[in-house]
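Starting from the known structure of chain Z, fit chain U onto it as the hints suggest.
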Amino acid sequence: MNQMYGWVGKILRVDIGTGEVKKRKLRNMCLNILVGKGSRHV
Amino acid sequence: MPEYIGGKGIATRIAWNELKPDTGPYDPENMLMFMTGPFTGTLVPTSGRGSVCGVSPRIYPTPWFTYGTMGGDWAAELKYAGFDAVIVKGNSSKLVYLWIHDGEVDLLDAKEITGLDTFVTQHHLKEKHGNRTQVVCVGPAGENRVLWSTIQHRLSNSIGDAGLGAVMGAKKLKAIAIRGTGGVKIAKPDEFIQICHEMKEMIKGGPTNYPYPTNDLPYRNPIGPGNQQCSHGCPLGCGKLYKNVPAGITVGSGTRNMMSHCEDLAFIYGESATHYPTKEIMDNYDSDMYTRETKAFGDRIGTELQVLCEGLGLTSAFPINFYPWFWVCIENGVTEIEGVKLEPEDPHFWFQFMKTVAYREGDFGEIFAEDLMRAVDQLDLPPIVKKAAKFQFPMWGQPAHRQGRAYESQPSPIWINTMLHWIIDSRDAMASHHQSSFVVGWFPPHNEGKAGTPDSNMEKIQAAYKKAFGTTGGMEPGFENIDDKTRLAIWQDNRAQIKDSLLICDWVFPAILHTFSSRKEYLEAEDYYGDIDAEAKLLAPLTGLDIDTAYIDKAGDRIRNLDRAIHIRNYDRSREIDSTGEWVYEYPEKSDGTKLDMKLFNTILDSYYKHRGWDKTTGRPTRAKLEELGLKEVAEELVRLDKISKM
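Protein sequence lines, in the order shown, are assigned to chains Z and U.
First residue of the first sequence: 1, per the numbering used here; consecutive thereafter.
First residue of the second sequence: 1001, per the numbering used here; consecutive thereafter.
Pulled out of the complex, with its shape left as it was, chain Z reads as follows:
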């Protein structure tokens, strides 16, 4: 799925202890939570 409708498609992760900031794609995190491979709705 190339187009995310409804969702922006990014999650911001901040480690407030180290200052590290990561911008994670929603599809690539947590075992392809929303639109990853195998989803019957993609």
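Do not take every clue at face value.
[Claimed, not checked] Straight-line distance between alpha carbons at most 27 Å, and here's what the computed BS3-like set of lysine-lysine pairs gives:
#, chain 1, residue 1, chain 2, residue 2
1, U, K1094, Z, K23
2, U, K1126, U, K1243
3, Z, K22, U, K1128
Simulated from the structure, these hints should not be mistaken for lab results.
Frame of chain Z, contents of chain U only:
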């Protein structure tokens, strides 16, 4: 693959993947997750809500993973800034704030806003970053890790009794400021907008705790003079706006604008926010245990007290649940605690009490900065006083809310539903379950005429429930049709998960009942049914995905079961733990006198577990249930830990 919709659903999945059992609320590994949903930032009515999840220190006796939701504009702004969620880990060595703007992120020193109240903190960051910046923050209470502290936004939107303000304080995160100029893409805009209009029409009468607009309470009306939208995208005006409330005796100077609804009104209206038990109950039971009518301090003093509460960043449990408990103390000879005289009739006592707690001043402040359960554990008090504390905070250290005993009346069968939500959830469940209990407003007047509509038509209400569920058993008073009642409760709970994942407002959705723009329209209506397919009808054209109501219901079931799995894996959640609040329901519901005993409670719980697909003995999901929901790897992990149902 399983699907989690958004908001709480995604946070729950992240927690399952990453949250270790020994992670405490103040540990750097604890994640504070600020979540939006697919509806956030769109035209969906009531879609301005956001969710915050994490391990909470407030939960008693075991701090555990929980959630809160709040309205406002920050969640929509976060999506416009390019993110569906912000997950904060680690603990900073100095107070900082996050500045998120159009895909960029800065972690900045919070020296300038240290110690400021929640109103001034927001004002300061709006002046610095632009007036359209949206801010969530903690006040002095959060900075001091007070367990009652809130994460505050706008005038009175907050994550309250979840206790996550203390986690934000522990991380030394004073605020998140957000500004975005992006948008949310819609798959089928024309179809989506049309459905949004239809849903707006369906809820036009206001939140469904009453079938049509009324002036009986200020938060029941559609938007109009004196009323305020609490959230982005909401056509209703559930909040009452108070302007220029003096703040001179609170924290700082000048005035504050304030919005209040529901519990926020207790300092102002007192009695109207609570209900007194019947004379029969007062004569025959421990009347000490029941709520005294909270004193009304009126518009001027009441709003000042509430502004102090909001400004310090404290929950609104203070006036409702502490007031009656202080009276039980006094009537049982406890007139002072740690040298502080208890004077709940005096507004100055409340000013001092809230400030003392927020700043943890002295022994009294330190003790009550923890939740009341932990406070009474430390204090030498008569047993009835300790029991009264548990009556006011019956499960998980959370304030009694819509269970028909210490606070609002909830005549049968409503309290049976709300009890099931309370015992299964990880916090005061009713913060996300108002729809389960708001139907009481449609009932015939009860509690000496203080609740319910004189225009009620129970046949039409029952017909709407029959249309939705094929049976009216779930809504019939008494203890017949237990299976219908537990099935209804499960449906309501699954939909609460959906509501907190999409994210929308539980004062409106799921809409079993329609609302009406006038009393006349209500009286003439033949059909009260709303639309329980609304969520699917909106989500399908928004996303372009093949989504129907069966999909929605299954996703809600999945989120609840995954949450259950976290609580079993990390905290050994069990039937025994679920049953800890049963004793409260052995006291009669305050308006109709209905009550249960352990045998009846067990019958109800057996039915609930059966229809959930959970083991009756342990309360654990079966492997088959988890696999049916696409949670095979969750089942395998619980098998590995020997924490799966043996059924």
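Do the hints match the structure? See the list:
Distance check on the hinted pair: U:K1094 and Z:K23 sit about 24 Å apart at the alpha-carbon level, within 27 Å; holds. Taking the CA atoms of U:K1126 and U:K1243, the gap is near 19 Å; set against the 27 Å cutoff, the hint holds. Our distance criterion of 27 Å between C-alpha atoms is met by Z:K22 and U:K1128, whose separation comes to about 25 Å.
In summary, this structure violates none of the numbered hints.
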